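Asks: Each chain, written out:
There are 2 protein chains.
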Amino acid sequence: MRFLEEMLGSFGALEEIRALPIRWDRERFRFWLQQDYPFVEALYRYVVGLLAEAPQAHRIPLVHTLLATVEELDWLLAQGADPKAPVHPVRQEYVDLLAEMGALAYPYRLVFLYLLNRLFLEAWNAHVEGDGPWQELSEHWSAPEFQAVLFDLEVMAQGQLPHLDPQVVAHYLGRILEMEKKTWSLLL
Amino acid sequence: MRFLEEMLGSFGALEEIRALPIRWDRERFRFWLQQDYPFVEALYRYVVGLLAEAPQAHRIPLVHTLLATVEELDWLLAQGADPKAPVHPVRQEYVDLLAEMGALAYPYRLVFLYLLNRLFLEAWNAHVEGDGPWQELSEHWSAPEFQAVLFDLEVMAQGQLPHLDPQVVAHYLGRILEMEKKTWSLLL
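Chains as they are written, first to last, in this note's numbering: chain A, 1 to 188; chain B, 189 to 376.
Same shape as in the complex, but just chain A (with noise of 0.2 Å):
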């Protein structure tokens, strides 16, 4: 969590975030799954283009985030996500934003991939609770692999922060922040 602290720096919309007064229940999930298949998609894509330059030392963590990405497409359809359904505006301009910043130069989407996982299970872990089909999830978030692969994200995208401008980094942060804050407000 340090890293993602001092990159928040002054950013309050974490804490905005977490307190939202979400009503979690089977609904809103139905409604969130489904918006989160193009999600899960876009990310796929953003992953392989990352994979597509990454030195060999990074190239086994950003495989392990990939195939999470793949099994929870899966897990999104088993669930009766639906690829060809309608895009929630909010969640194609995640969408969108994902593409734009797909253009950036390696070290910032490395360190965008690490920031936006980790934005996004900490809100998951403030809203999400209960019994429910999203248990699944919740375990495999929460279990030592996930986390593993997380922590070697997060010590590839510190040691790009030489190669950074902090205004760039600013600049999209605050953009991603903005999204998880709308699309967590979808379920309010």
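Just so you know, the hints here were simulated from the structure itself, not pulled from any lab data.
From a predicted model like this one, the values you see are computed outputs, not experimental measurements.
Cβ atoms here follow ideal geometry from the backbone N, Cα and C, with glycine treated the same way.
Any given hint could turn out to be false.
[What the hints assert, rightly or not] Derived list of chain A stretches under chain B, where covered just means 3 residues or more per stretch with a C-beta under 8 Å from a C-beta of chain B:
#1 47-56
#2 72-83
#3 127-136
Knowing the structure of chain A, use the given hints to seat chain B on it.
Replies: Positioned in the frame of chain A, the structure of chain B alone reads:
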């Protein structure tokens, strides 16, 4: 093996490769592994290119194929391969062929990925034996996990057959076989 044999049709090249009087020893293995590095690096890029276009149902076996190339690169490095060493012209020719095939349509690239892997393994099994530092690699390729990935690739490749022009397949298969023969002939 049926699929491979059908694709090979009138090509006698696999038998020729199997019949090469290779002298396999530690010295030749050192040469082989150094020259294998740039080829596996090219194969890594080839598989990343496939993942960029793969439908969801193809992604898990392709991610596992990618993971196998990353692990092989790590293994080659651990055995002393130098990523900056000069590349033998024969290996460079094979690397260039992979890059050329990387521009083909997805169904061809998928079929050739399977055929490349299969042909290599047929040749490896015919030529590599005895005790030595290569046993770990032999065990990796004969492990049930890798055999399962190859089986998945074969099924996926067979599913592409209706989309292929047999003349294009024959052209590239001929060139792949030529490169395999040239590569193994470096060990005579």
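Asks: Under 8 Å between beta-carbons, do enough residues of the segment 127-136 of chain A, three at least, approach chain B for the coverage claim to hold?
Replies: As far as the segment 127-136 of chain A goes, the hint is violated, because 0 residues have Cβ atoms under 8 Å from chain B.
Asks: Checking C-beta pairs, does the segment 47-56 of chain A have three or more residues closer than 8 Å to chain B?
Replies: holds (count 5)
Asks: Would you check chain B against the segment 72-83 of chain A, counting CB to CB pairs closer than 8 Å, and say if three or more residues qualify?
Replies: Result for this restraint: holds, n = 4.
Violation of the numbered hints given earlier is confined to hint 3; every other hint is satisfied by the structure.
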